[in-house]
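Undergrad: These are the residues of each chain, in order.
Number of protein chains: 6
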Amino acid sequence: MRIDEMSSPEFAARVKDNPWVIIPLGAVEAHGRHLPLGTDSIQPQWVAERLAERTGSLLAPLLPYGNHSSTRRMPGTINLRFDTLRALVLDILESLHEQGLRRFLIVSGHAGGAHMTALKEASKELLEERDATVIVLTDYSVAAEIAPSLGIGHGDGHGGALETARVMAIRPDLVGEDMVAGEFVSPGYRIYADPERCFPEGIAGDPSVADAAMGERLNMHVVESLERMMEESVDG
Amino acid sequence: MRIDEMSSPEFAARVKDNPWVIIPLGAVEAHGRHLPLGTDSIQPQWVAERLAERTGSLLAPLLPYGNHSSTRRMPGTINLRFDTLRALVLDILESLHEQGLRRFLIVSGHAGGAHMTALKEASKELLEERDATVIVLTDYSVAAEIAPSLGIGHGDGHGGALETARVMAIRPDLVGEDMVAGEFVSPGYRIYADPERCFPEGIAGDPSVADAAMGERLNMHVVESLERMMEESVDG
Amino acid sequence: MRIDEMSSPEFAARVKDNPWVIIPLGAVEAHGRHLPLGTDSIQPQWVAERLAERTGSLLAPLLPYGNHSSTRRMPGTINLRFDTLRALVLDILESLHEQGLRRFLIVSGHAGGAHMTALKEASKELLEERDATVIVLTDYSVAAEIAPSLGIGHGDGHGGALETARVMAIRPDLVGEDMVAGEFVSPGYRIYADPERCFPEGIAGDPSVADAAMGERLNMHVVESLERMMEESVDG
Amino acid sequence: MRIDEMSSPEFAARVKDNPWVIIPLGAVEAHGRHLPLGTDSIQPQWVAERLAERTGSLLAPLLPYGNHSSTRRMPGTINLRFDTLRALVLDILESLHEQGLRRFLIVSGHAGGAHMTALKEASKELLEERDATVIVLTDYSVAAEIAPSLGIGHGDGHGGALETARVMAIRPDLVGEDMVAGEFVSPGYRIYADPERCFPEGIAGDPSVADAAMGERLNMHVVESLERMMEESVDG
Amino acid sequence: MRIDEMSSPEFAARVKDNPWVIIPLGAVEAHGRHLPLGTDSIQPQWVAERLAERTGSLLAPLLPYGNHSSTRRMPGTINLRFDTLRALVLDILESLHEQGLRRFLIVSGHAGGAHMTALKEASKELLEERDATVIVLTDYSVAAEIAPSLGIGHGDGHGGALETARVMAIRPDLVGEDMVAGEFVSPGYRIYADPERCFPEGIAGDPSVADAAMGERLNMHVVESLERMMEESVDG
Amino acid sequence: MRIDEMSSPEFAARVKDNPWVIIPLGAVEAHGRHLPLGTDSIQPQWVAERLAERTGSLLAPLLPYGNHSSTRRMPGTINLRFDTLRALVLDILESLHEQGLRRFLIVSGHAGGAHMTALKEASKELLEERDATVIVLTDYSVAAEIAPSLGIGHGDGHGGALETARVMAIRPDLVGEDMVAGEFVSPGYRIYADPERCFPEGIAGDPSVADAAMGERLNMHVVESLERMMEESVDG
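Residue numbers (the working numbering), protein chains in the order written: chain A, 838 to 1073; chain B, 838 to 1073; chain C, 838 to 1073; chain D, 838 to 1073; chain E, 838 to 1073; chain F, 838 to 1073.
Hints may contain errors.
Identical copies carry no separate label here, and so any pair may be met within one copy or between two of them.
[Unchecked claim] Cross-link-like lysine to aspartate or glutamate pairs, in silico, EDC-like; alpha carbons within 20 Å at most:
hint, residue 1, residue 2
1, K961, E935
2, K961, D1031
3, K853, E935
4, K853, E931
Calculated from the structure, these hints are not laboratory results.
Next up, chain A with everything else stripped away, as it sits in the complex (with noise of 0.2 Å):
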């Protein structure tokens, strides 16, 4: 299942049978007072792997940088700049097309605009000389969908309530007890030079409404939502 831990020949019999290959992306940000630099990695990591033993599919390793916007000054932040991001992610899709591989699923941590759109204009690329099967998509838009029926109210997002409670589920280890809820200033359409402005707090929501169970639920909820979109896309 995962690609890092088969042999050479054990990759290329499983390449035969036309498998999905589950790609999660990550990211080292500043996610508030309690939660790990890794929360981006920990989420989709965690479902991929999930994912891959429902479907069959291969893990691809987790890719554990991306590019970031307004917390890119804030301590523990690391920023992959968007051409780096956008190569990265083609030179991945280029290769395992060439290795056979047809059918992709990217599964990203990180939710900034700028972020997924390197991650859809590489897949485009990809498209425009090759056939493939490709999905894109932040788990955390995913989760979301759930949220309202969990209780996480409207201004959750960064670091809230829905990223504590699904960290928690999987490494509660790492979650800090120090806890303030924090707001998401809107820059409104401004572009700022310190767009950390956004995030006094450092997050948006508040975290201490979260428990592991809710993190379970949300997911599961991913798991069985992106199993069901892989099986809808097969004929796609």
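The hints should help you fit chains B, C, D, E and F onto chain A, whose structure is shown.
TA: Using the frame of chain A, we list chains B, C, D, E and F on its own:
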């Protein structure tokens, strides 16, 4: 120690001590019939973890993809272009530098010539603009220093006894039993479109002479050598 | 007011007052059967002219090409690559900055995701090196704020009632009578090589409900909103 | 005729006739005290409109920015880098080619050497991959063919009598009265960091000898020459 | 005088006098039946050697490749892309500048439009960041100033009497006897995929009128003109 | 034999025999007190000329600039960036390939790691798209094979006895008498901003043991080895 397991305030606190950052670079690359595709990730990751513990350094998340030549067209190798890898390493170094860090140890599991040049070019580019201490190496070369003393022969190389022993000591579950001796058939100075011809068996050396004890000695030699190197570089 | 109608000394004199520069960005893009290819140029140009008059701002010449995804392969769409658009906007901003200007409002008629990211990335790049006030938006989003109050339904979008009404108010001669209702068929998270499949009729919404009065209200709402935004950004 | 005023189906219908596309390129550039910054937009736009009417060609929207050297640091000049301009023109040509068009006439108001090279390099790049008829010119050069016969002297150039006359014939309201004669002081083969030294008055020639009738003859000469050129290129 | 024949300490000593560096640029380009492919290297190299001797300048090694358009597809032409040539010249200038040199004379044997633009763009880029005196020219243009006085007709050009005479004076052994008169058939403003059509005989002019004495006068005119140019540029 | 001394028809005739093209790459680089900056040009040029004669190959003009690390900041070194060198070699290879040539031997006098990687990356890029036989080497490595048999010690390297002897055999007039022994102080795995610290005397080895006879044997060994290599590569 692991950057991705720290919170943003914990990271900020650690930066004040001017610690080293250890950046492990792995690969997904064909390593014969018996070794996993992630062989070059497993080794530097283990080294980097031990080293970070012993020296109190920060540990950056493993970058699991590299640039490959002779194995590029073998089943399972995933390849980043030279420019992508160089940009990626430069972005990570610059971003860590902007976070206030000044000491970087890059440990690459993969030892390919172009791959290593990409890492060094990125490092040189950093140093043209910024002040820092940078070490770039492949732990393969460091381990190979004591290979003769362990009875590993001259022709040993990619996927051979040295690498097999090291993986046996770390992840014995991933080492297969289908071991054949192989040879690196030198291309001389030819550049081939099908460089896999240099590895008819996909590896160089006789993996069957490897055992876990040998691997432990190789791994510890790397850790101790790198620790010494870091100490000696402090005033450089 | 229009930069291209000023002489060099007139421009120099105006720069001393530190005025805003309004930069309208248009497009040549398929907008169904009834709207002209320049629909996304007509709207921001009209807005920019009104806004420049009301605020005493400088008006840069309209850039009439953009970056397109879902309509790229429809008849009449002219497409700039992401990197070209980003470079173009960065060059214009840098050049205006070297001329002494410090306040920039970019109004894009086209609202595509990658297109908007290109504009924002260029703006961020400017701000990394230079001090300036930058606003980047698509007037489509601003107009859409009041669409429900005008009876424009939820599925309205590209080439629909909102855009039809706005063009009717500005250039009624360019609005055709062959109006059909259309739908945006969400691709979910799939990236398609033939994204025009999302617009079977080339548009989203029911243009036949549009009229010029509706368009005037939408257009004036945009002008007034942007004027307020500029006033509120003065000390930002 | 104007692409931006056609609907998508109208455009598709026109493409079937294999028409020429006329692409006017303008500029925002200092032209002395008496001419507007858009002088190099006004001229090719007028020419392109007449030409499209007379020949039944498609008219692409004016690109209003160019690449400048000697006037770059004068008030009002907005400059695109060489690479940006080349990419822009290539993207537009490729996109029109993908739309089925095969005949392109690029008419640039600005006549700078590097600017013209950028346009030609883009055209050559198109022709390396695709089959097309491409004409690239600055209407300044074409107009200058008859300048002596109109009494315009040898030293006339940027912002001089020829350009003044042409703008007088098209937009007399934009021509100021503060006309001084100027000189282009040749830099020889020196490359200067302050090339505006070549234009102490910002222009070359004596604009005061210009009048609208002269401009009309220049403009019509350009239109007629270009029409002939298009006819003669049909079987090229 | 020749940089490549100096030792490092000799170079360091010479730099202190702030000498000019003369950088000859050659080409490998088809020049008809009778002239060698290195015609555009032979001429500037001879000029640069004489000039360095007379002025006590440093002589950089000849760069023997250039960028070509109309002869690109003729047998023997070796072509650098525009971007490569520009980068090459910029690197050489920057490197010499970092070595402490501040006066640069670039003498190109090839006179192509895009080729010359590449040289000038590199020079402008240098001057945007650094202080220096830069002259860029093709010695062809300088030699052509006196061509009429030597009886060389108006249509003379690439591979014609002027170039033939100059090579006869320097390397008579390389001038063949198979001389035919040729013509440059102007493409007007067309850009052709097969621009060699402009040179049906591969050259322009009548080489048979050339002789070595004519070449000596042309060559000495170039040397003397450039020497004067350097003297006059000292305080620029 | 020398491409730049052939006419276009002579070149065309020779291409039909499918000859090898030998491409010598030189450098302008500090080589201690006694050797000329062009040391790395003199050696491969001499080798290439002999080799072309003996094998009936085409000889391309020497490219006299390279990419340097440890000597970059020493007086006299002229440096091309990695990307420039790679582009340059790729352009030359592609252009020769378009001319119908299929066998390329690149002989570089400079042996730096990044420099050699640039040459190899360009060659690999050629081979991804086109069919050809490519050999890339530094003649330094080939000469060094017999260095021990000539009494040249282990620490000999840049500017040492081997290079001194070789230049003595070719251009004795350029070898100075101020010879000091020097040492390459290994940086280990450190990347330094001031890598010239590795060469306190600017060279490695003891040049005073060199003589012309030794140089002749080294040079002939290179020529004979390369001739054999070419013969053995014919069916590769």
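Undergrad: Confirm or reject each hint.
TA: Status of each hint after checking the structure:
no.	hint	verdict
1	K961 x E935	both (17 Å within a copy, 17 Å between copies)
2	K961 x D1031	between (31 Å within a copy, 10 Å between copies)
3	K853 x E935	within (13 Å within a copy, 36 Å between copies)
4	K853 x E931	within (17 Å within a copy, 36 Å between copies)
In summary, this structure violates none of the numbered hints.
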